[in-house]
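Q: Listed below are the residues making up each chain.
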Amino acid sequence: MRVELDNLSKSWDGVVGADKITLDISDGDLVAFLGPSGCGKTTTLLMVAGIYKPSGGTISFDGRVVNEVAPKDRGIGMVFQSYALYPHMTVFGNISYPLRIQKLDKAVIKDRVQKVADMMGIGDLLDRKIAQLSGGQQQRVSLGRALVKEPQLLLFDEPLSNLDARLRLTMRGEIKRLQGDLGITSIYVTHDQVEAMTMADRIAVMSKGILQAYDVPEALYDRPKTLFVAGFVGNPPMNFLDIEVTRDNGEFRAKSESIDLILPQERAEKAAAVKGKVTMGLRPEDLNLAEGTSGHSGPTLSGVAETVEPLGREDLVGVGINGVEMRVLVDKTRGVRVGDNLDLQVDPSKIQLFDPVTENSLLWA
Amino acid sequence: MTQSLEKETDTGVPAGDPTSQRSTLARRVRATATAYGFMGPAIVLVLLFFIVPGILLLVLSFTNLSSANFSDPWSYIGFDNFSRLFSDPFFPKILRNTAFYVFTTLIFFNLGLALVLALVTTNIPRRAGFFFRLVWLLPRLTPSVVYIMMWQRIGQADPFGIYNQIVPGFLGASGGNLFLGGSPWTFVILTNGFVGASFGMIIFTSALESIPKDLITAAKVDGASLWRIIRDIKLPLIKWPLLFIATYQTLSLLTSFEYILLLTEGGPGLFTTEVWALTAYKRAFSSYFGNSQWAFGATWAIVLVSVALVLAVGYVKLFKFNELIEEPRIENL
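Those protein sequence lines, which keep their order, are chains A and B. Going by our numbering, the letters in the first sequence line up with residues 1 to 365, in that order. Going by our numbering, the letters in the second sequence line up with residues 1001 to 1333, in that order.
These are calculated hints, taken from the structure and not from any lab test. Virtual Cβ for every residue (Gly too), placed ideally from N, Cα, C. Any given hint could turn out to be false.
To be verified - With a straight-line cut-off of 27 angstroms between C-alpha atoms, the simulated DSSO-like cross-links for lysine-lysine are:
id, chain 1, residue 1, chain 2, residue 2
1, B, K1317, A, K129
2, B, K1320, A, K208
3, A, K53, B, K1213
4, B, K1282, A, K129
5, B, K1093, A, K103
6, B, K1317, A, K20
7, A, K72, B, K1093
As the list claims (entries may be wrong) - Derived list of chain A stretches under chain B, where covered just means 3 residues or more per stretch with a C-beta under 8 angstroms from a C-beta of chain B:
id, segment
8, 159-165
9, 220-234
Claimed, not checked - Derived DEER-like restraints, expressed as beta-carbon distance ranges:
id, chain 1, residue 1, chain 2, residue 2, range
10, B, P1212, A, G14, 24 to 32 angstroms
11, B, I1216, A, K106, 44 to 52 angstroms
12, A, K110, B, F1091, 51 to 59 angstroms
13, B, S1183, A, D105, 28 to 36 angstroms
14, B, I1216, A, P264, 52 to 60 angstroms
15, A, D124, B, V1316, 49 to 57 angstroms
16, B, S1144, A, D105, 50 to 58 angstroms
17, B, F1082, A, A131, 48 to 56 angstroms
18, A, D105, B, L1311, 38 to 46 angstroms
19, A, D73, B, S1252, 55 to 63 angstroms
20, B, P1236, A, K106, 16 to 24 angstroms
21, A, K110, B, F1108, 23 to 31 angstroms
22, B, L1095, A, K106, 54 to 62 angstroms
23, B, P1236, A, D124, 39 to 47 angstroms
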């Protein structure tokens, strides 16, 4: 099912929950709504579900405006962070509930519930009470209940946030595989950018009720259109540094107290037109530790290692450069220790530049 | 003691050693004494105000104690009081009245209206809901005598009662005798129910408000209508408060008589609105010709207490209160 949101807004007594959200979801896609808590992603989801009534704008399913359609008639299935299972019913009671409301034949209900439960790997738990299940099992029941009525649209509201880290990883893959196999259009609300990056066909990044960007994951990562997107997408997050971009004899230079480097023209042209400072963004993985301490083989930054966090394969090193901390991923064989003097090599072709006032990208906006 | 002795033997200490036996005993006594020390005040209160009066009541019901009987009080008369009670010509009527009063008030008001009020006031804007609940609490905040007097002034026959004075006039009829005169039961039950409903309302409201919002959202998405949500989700989830109110209100209605006493005194006419507890009160304290038949009143009371006990046990069994304890969860994937 194709889903279109057109200028969708929600506000309560002047408090804005979602502000003019406009986006299209293609049939069969999994779209992630990504943002910090309070960004409007759940509000938007609940409007799509029909729980909240939009204050403005429209929601269309396959071209039909559904603003006034009751949740029960929208053909949706929903999975919650809290699982939202009916505690007084058994597993069978929970999964069969949507079908029982449709007053389907008992044998048909039994058959369909068993099929879905088997698919979710909980086929042998149908007689259990909800309180007797683990968190992972409960989430499977919740997923089964959403799938059993064969919905046109699946809505996930942070479904994995209450699970432990290991289980989250397993379920992440499972949901993605299931969604792909069944081809059900899905909206997946999360604050976890790794979840969004790994699962979604497209990601809608939201902040303060506003849709910041809506694009495929690689584009959000490589070509962030706003400062917020740049800072939110990617783990560990992007480093930001205030610099001035100048043009000398056709050469573009990025300058600050701690840096002076030559930028490629296609990156720097717009930034050079900005008066005063601009914000430069550098991903931790695009900063390299220079070999040796002398012999500047390229544009470098010098600083002192202030924190070292071993991540296993790499160390995440916090480097203090003139009072600004830059996070850098360093191969653990380098054995960086707190207090070490470090030279960081910058790859100018990976630099992001933002207008500090509008917070828009000076490269992609 | 056997158990502890065996234990001592197990640990290699000779079972017959008197010192070890004595120290075990001392430890036990100390532990028990602490427990009883903490429970003591409560035990004393329960004994003094619940058990002792119960026993006194029972003893009293086998005597002939009354205000007319100073010559030979406290003499044992066997089951005379009981046979007198059960052969009372009005006993069936009083029994019927009591059952009618208790269950009508319970079902239509203390449970029914309370539930409706709770469901309605939790489904409208919060402030409006709060306001309406407050309004329904007003009778409870009013001294009950004042509250009953107000109802009486409303319900009396023309020309005294406000209702019967005004409303029939509007309808073009002459002065009426609705309520206290015409249909006293309606009046008694309304008066009781309007106060009684607020207790359940408060309990049900808080229970309904504590149902996670996600559950309701899930039910809506699953296709449930408002009625199905109430029937399938909300009511089962407030089962415990519902059963509690049903049990508690049955027992308290069974023993309540003060509203009827002030409103109708069990009338009009013979035993029209007389309930069991009111009979017990009347026999014991305000019987005909100034004769307070304390022992006979106690008999009515002790039978009522027995009925209440049976009902209480019945409720506990019927509603499977012990099933409310959940089994532990099994933690695996």
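Q: State for each hint whether it applies.
A: To see whether the hints hold, each was checked on the structure:
Restraint check for K1317(B) and K129(A): the C-alpha separation of about 22 angstroms stays at or below 27 angstroms, so the hint holds. A hinted pair counts as satisfied when its Cα atoms are at most 27 angstroms apart, and K1320(B) with K208(A) does not qualify at roughly 50 angstroms. Between K53(A) and K1213(B) the alpha-carbon distance is near 16 angstroms, which keeps this suggested pair within the 27 angstroms criterion. Pair hint K1282(B) plus K129(A) does not hold up; C-alpha atoms about 53 angstroms apart against a cutoff of 27 angstroms.
Proposed proximity of K1093(B) and K103(A) is contradicted: the alpha carbons are some 47 angstroms apart, above 27 angstroms. Pair hint K1317(B) plus K20(A) does not hold up; C-alpha atoms about 58 angstroms apart against a cutoff of 27 angstroms. Proposed proximity of K72(A) and K1093(B) is contradicted: the alpha carbons are some 52 angstroms apart, above 27 angstroms. With a cut-off of 8 angstroms between beta carbons, the segment 159-165 of chain A has 0 residues touching chain B; three or more are needed, and the interface restraint is violated.
Coverage of the segment 220-234 of chain A by chain B is violated in this model, with 0 residues showing a Cβ closer than 8 angstroms to a Cβ of that chain against a need of three. In this structure, P1212(B) and G14(A) meet the distance hint of 24 to 32 angstroms, their C-beta atoms being roughly 27 angstroms apart. Restraint check, I1216(B) to K106(A): a C-beta distance of roughly 26 angstroms breaks the suggested window 44 to 52 angstroms. The given range of 51 to 59 angstroms is respected by K110(A) and F1091(B), whose C-beta atoms sit roughly 55 angstroms from each other.
Between S1183(B) and D105(A) the beta carbons are some 50 angstroms apart, a value that contradicts the proposed interval 28 to 36 angstroms. For the pair I1216(B) and P264(A), the beta carbons lie near 56 angstroms from each other, so the given range of 52 to 60 angstroms is met. One distance hint, 49 to 57 angstroms for the beta-carbon pair D124(A) and V1316(B), is violated here, with the actual separation near 35 angstroms. Take S1144(B) and D105(A): their Cβ atoms lie about 56 angstroms apart, and the range 50 to 58 angstroms holds.
With their beta carbons about 49 angstroms apart, F1082(B) and A131(A) fall inside the hinted range of 48 to 56 angstroms. For D105(A) and L1311(B), the hinted distance range of 38 to 46 angstroms is satisfied, since their beta carbons lie about 42 angstroms from each other. Taking the beta carbon of each, D73(A) and S1252(B) are about 46 angstroms apart, not inside 55 to 63 angstroms as hinted. Between P1236(B) and K106(A) the beta carbon distance is about 21 angstroms. The supplied range of 16 to 24 angstroms therefore holds.
Hint check: K110(A) to F1108(B), Cβ distance near 40 angstroms, so the stated range 23 to 31 angstroms is violated. Between L1095(B) and K106(A) the beta carbons are some 45 angstroms apart, a value that contradicts the proposed interval 54 to 62 angstroms. For P1236(B) and D124(A), the hinted distance range of 39 to 47 angstroms is not satisfied, since their beta carbons lie about 25 angstroms from each other.
Going down the numbered hints, you'll see the structure goes against 2, 4, 5, 6, 7, 8, 9, 11, 13, 15, 19, 21, 22, 23, while the others check out.
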